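Trainee: Below, each chain spelled out in residue letters.
Number of protein chains: 2
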Amino acid sequence: MRIKKKTLSPFKILAIGFATVIFTGATLLSLPISSVSGQFTSFLDTIFTATSAVCVTGLVVLDTGLYWSTFGQLVIMILIEIGGLGFMAMSTIFAILVGKKITLKERLVMQEAYNTFNLQGVISHVRYMLLFTFSVQGLAAIILMTQFIPMYGVGKGIYFGIFHAISAFCNAGFDLLGNFTSVTVINTNVVVLMTLAMLINIGGLGYMVWREIFSGITHKKMKNALSLHSKVVITISLILVFGGTLVFLIFEWNNPATMQGMSFPHKLVNSFFSSTTPRTAGFNSISNSEMSPAGKLVTMAFMFIGGSPGSTAGGVKTSTLGILIFTLISVLRGRDETEVFGRHLSQSTVYRAVAVFLMGIVIVVLGVTVLSINEVGATFEQILYEVLSAFGTVGLTQGITPGLTAVSKITLSTIMYLGRVGPLTVMLALAGQKQKVNIKYPEGKLLIG
Amino acid sequence: MRIKKKTLSPFKILAIGFATVIFTGATLLSLPISSVSGQFTSFLDTIFTATSAVCVTGLVVLDTGLYWSTFGQLVIMILIEIGGLGFMAMSTIFAILVGKKITLKERLVMQEAYNTFNLQGVISHVRYMLLFTFSVQGLAAIILMTQFIPMYGVGKGIYFGIFHAISAFCNAGFDLLGNFTSVTVINTNVVVLMTLAMLINIGGLGYMVWREIFSGITHKKMKNALSLHSKVVITISLILVFGGTLVFLIFEWNNPATMQGMSFPHKLVNSFFSSTTPRTAGFNSISNSEMSPAGKLVTMAFMFIGGSPGSTAGGVKTSTLGILIFTLISVLRGRDETEVFGRHLSQSTVYRAVAVFLMGIVIVVLGVTVLSINEVGATFEQILYEVLSAFGTVGLTQGITPGLTAVSKITLSTIMYLGRVGPLTVMLALAGQKQKVNIKYPEGKLLIG
Ligand SMILES: [K+]
Ligand SMILES: [K+]
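Going line by line, the protein sequences match chains A and B.
Heads up: the first sequence begins at 1485 in this note's numbering, then just goes up one per residue.
Heads up: the second sequence begins at 1485 in this note's numbering, then just goes up one per residue.
It should be emphasised that the hints constitute simulated quantities derived from the structure, not laboratory data.
Remember, it's a predicted structure, so these values are computed and weren't measured experimentally.
Wrong hints could be hidden among the right ones.
As the list claims (entries may be wrong) - Label pairs and their computed distance ranges (CB to CB):
hint : chain 1 : residue 1 : chain 2 : residue 2 : range
1    : A       : I1845     : B       : F1616     : 54 to 64 Å
2    : A       : N1858     : B       : Q1744     : 17 to 27 Å
3    : A       : N1738     : B       : L1752     : 29 to 39 Å
4    : A       : N1738     : B       : T1630     : 51 to 61 Å
5    : A       : S1832     : B       : I1562     : 42 to 52 Å
Glycine included, each C-beta is placed from N, C-alpha and C at the ideal position.
All chains should be modelled from the sequences, with the hints used to inform the complete structure.
Mentor: Encoded structure:
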C-alpha cells in the first residue's frame, strides 16, 4: 500500500482534500448572503458548521432552520453531499466530464477514500455509486414530500423533502425544523421516521455492500455474492440495530420524559429510530438528555462504534468491532486464529483493528479532558456525550453545543475531522511513508488480566 | 496450559475456592455477634459485604466502622487478607505446616492464581511473598499507628493502624472511619495519605515485580533482573500514576468542592492519592461526585484498567493496556509485530489481551443495563461509576451503594467476583477444556475504520 514516489501519499491527498472543502464552505457561510440577518458570521462558527457538514456530523452551534438563509442552507446541503459521497467521487465525475483519463495516483486516492481492495473498476464503481445514491435519495425525497407538503406547503415541502433525504442518507443529521429539537416535534409521523431510518441504514451500510446484495439478487446466488466483509458488516449492523431497538423498547417504555405516552406502534418506531440514529445519523425523535441510563449507554456506545467502512458513517466502524468480537470468541474457543464465517483473519488485520479502536479511545479521552477545562458548568455526561458525538460524526447532543467556548469548538471540529477521515488515516498521513523494517525482535512474554 | 486429566481444571478450583471463602465469610457476618446491634444481618447484605472483602473491592452497603462489631470487622479484615493474598497462599502454608508435599495439581492451581510462567519454586515464591507482605504491612501499620494513636487512643489507634495497613496493601478500600466518608475527614494528614498511597502502589504492582526489583538491587544489575513483564508493568503504572496526578492537580486546583482551599503540598498529596486510589484501592480523600469531568473520566478509566497481574488489584490490568498500546504504536510505525522493549509479542498474547479488554467492556455494559432497570432515580453517571468500581474491585462510589436493590447487589457481587478472579479465567472455567482443533481456515479479508 506504500508508494515509493516522491508525490503526496493517498492519505495526505485525502486529508488535504477534505480540509480544502471545509475551508471553502466556511468562507461561503461567513458571507452576509448566508445568514437570515444578512450579517457576516464569525469564522469560528462557520468553520465549525462547515466541518460538521462535510464530516456529516450534525452538531450545530447555529440553528440550521432559523439562522441560515436558503443560500446558507444550500451551501450546507452541498457540503453534506460532498462529505457523504466523498470529494473523490466529485473529482472523478469532473474527470469523466472533461474526458480526461484517471491517473494511477488519482485511482489510488480513490481507493483509500472508499477503502476498496483493488484498483479495478474504480471509475465504474463511482458511477454506479452515484446512480445508486441519487436513486435512493430521490425516491426518499418524494416519500418525504408527501408528508412535508401538507405540513409546510408546496415550495417548502419539496425543499424539506430533498434536504432531509440528503441529510439522512449521508448520515449528516442536519435538519431544518428549528429550535435545535431535531425531529422530536414530528415523532408520531411514522412515514417520516421510517423513511429517515431506512435512509440512515442504507447510507450507513456502505455502497459496496449494497452492490453485492444487488448482484446476489440478480444472480440468485446470495451466498456467493456476499464477500466476507459484507457478511461481517451486515451481521454486526443487524445485531446492533435490533438489539438496540429492544433495549430502547424495554427501557424507555415507562419513561414519562420519552415514550410513556405513546401507543405501541409509535413506541416500536421510535425505538427503531433511536437505535438507528446514533450510528451515525444524529437525528433524534425522543429527548436524549432524559433517556434512561441504559438508553444513554447504548446511545454512547453506538456513537463510538458508528457505521460501516466505505459508507457515509463515522466512528471506529462495525467491521472493527466485528474483528474484536470474533477475536474474543476465538480466544474463548481456544483457537489460535481469529475465525470468521469459515475464514481466518491475518494478524495484521486484527492489529489494525486494535489500533483503530484504541486511537478512538485516546481521541475521546483527550477531547473530554480539553472540554472539561473549557466548559465550566457542563456535567461529565454532557461532555462525554458531546465528544463521542463528534468522534462518531453523529451530531446528537445533550444541549451544550450552542454555548461552547472557542477552544471547545476548535477541539470538536478537529475530532469530527479525525472521526470522518479515520484516525488511522490521519496518523499514517502525519507519519509519512516509513520504510518497511525487516528486523524481527525475539519473542517476549507478558502476563495478561 | 490445558490438562487432559478428568480432574477439576485449575480454573475451576480457583473459581470454586474463592466462592467457598465468600460463603463462609457471609455466614459468619450474618450472625448476631458480627453486628453492633447484636441482630442477625440479612444474607443478601453479608454476601455483598463478604464478596466485597474477598474480592478486595470496598463497596459497602453497611458502614464498616459503625454497623459491624469488632468481631465483624475482624472477619472482614481476614476476608480481605485471604482475598488479597489469595486463598492459594493460605492453602500452601497449610500444606507446609502439615508437612505434606504439594501435588502437581495444586501447583498448577497456584500458578493460575498468581499468573506465573512456570511451576518451579512456587512454594518458595509463596513463602517469600508472605514474608514480603507481612513486612510491608507491619511497617506501614506502625507508621499509621503514630498518627492514629494520638487521634483515637492506644487500643483503637493500634487496631486502626493494622486494619488500614491490610486494607490498603490488599487494595481493599475498607475503612473504619465511619459515615461512608472514607479518608476525606483526614485528607490533610500527609503521613496517613502517603502511607496508604505507597501501600496501594506496592500491593498493586504485584509481588513478582518487587522480587525482581530486590534481585536487581541485590545484584546491582537492574537491567538484567527485570523481566519484560516487569518493565511493561512498571512503565504503564508510572505513566498512569504520574499522568493522573498531573490531571488531578490541574483540574481540581480551583474546584471549591475538592481542593481549592488546600495548600500546594496538600494539593499535591491529594492529587497523588486520587491518582493512586482508583487502581484499585477505593479510598478517597476528596469528594468523588464533585470532581471535575476530567477528574471523573480519569478515575473511571483507571478503575477499568486496574492494577498489575499477580497483584492484589482488579480490572483488566496494566499489562493488558500495555499490550494494546504497544500494538497501536507498532501499527503506526508500520511494523508487523507488536514490539516491546526490543522483544516482539506472540499473536496469541495480543489476542488474549484483546479478549480480556473486550470481556471487560461487555461485563460493564451488561452491569449498567441491569442496574439501569433496578435503580430508579440513579443517574447514568452514578450507575456507570458503580459498575466500573465493582469490575475494577475499586470500591469508589458516588453514593448509591447503601440504597441498592437486591438485584443490583447480586449483580454487583457477581461483577466484583468476575473482576477479581478475571473474566477470562471464569469464561475458560465455564467453557471447560476444549480440545485443540488443528483446522486452519483460509484467510479472509476485512475492511477496518
Ligand atoms: K451525523
Ligand atoms: K478496592
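Trainee: Each hint: holds or not?
Mentor: Hint check results:
For A/I1845 paired with B/F1616, a C-beta distance near 35 Å fails the hint of 54 to 64 Å. For A/N1858 paired with B/Q1744, a C-beta distance near 18 Å keeps the hint of 17 to 27 Å intact. Hint check: A/N1738 to B/L1752, Cβ distance near 48 Å, so the stated range 29 to 39 Å is violated. Separated by about 56 Å at the C-beta atoms, A/N1738 and B/T1630 satisfy the suggested range of 51 to 61 Å.
The hinted range of 42 to 52 Å is satisfied by A/S1832 and B/I1562, whose Cβ atoms lie roughly 50 Å apart.
The structure shown violates the earlier hints numbered 1, 3.
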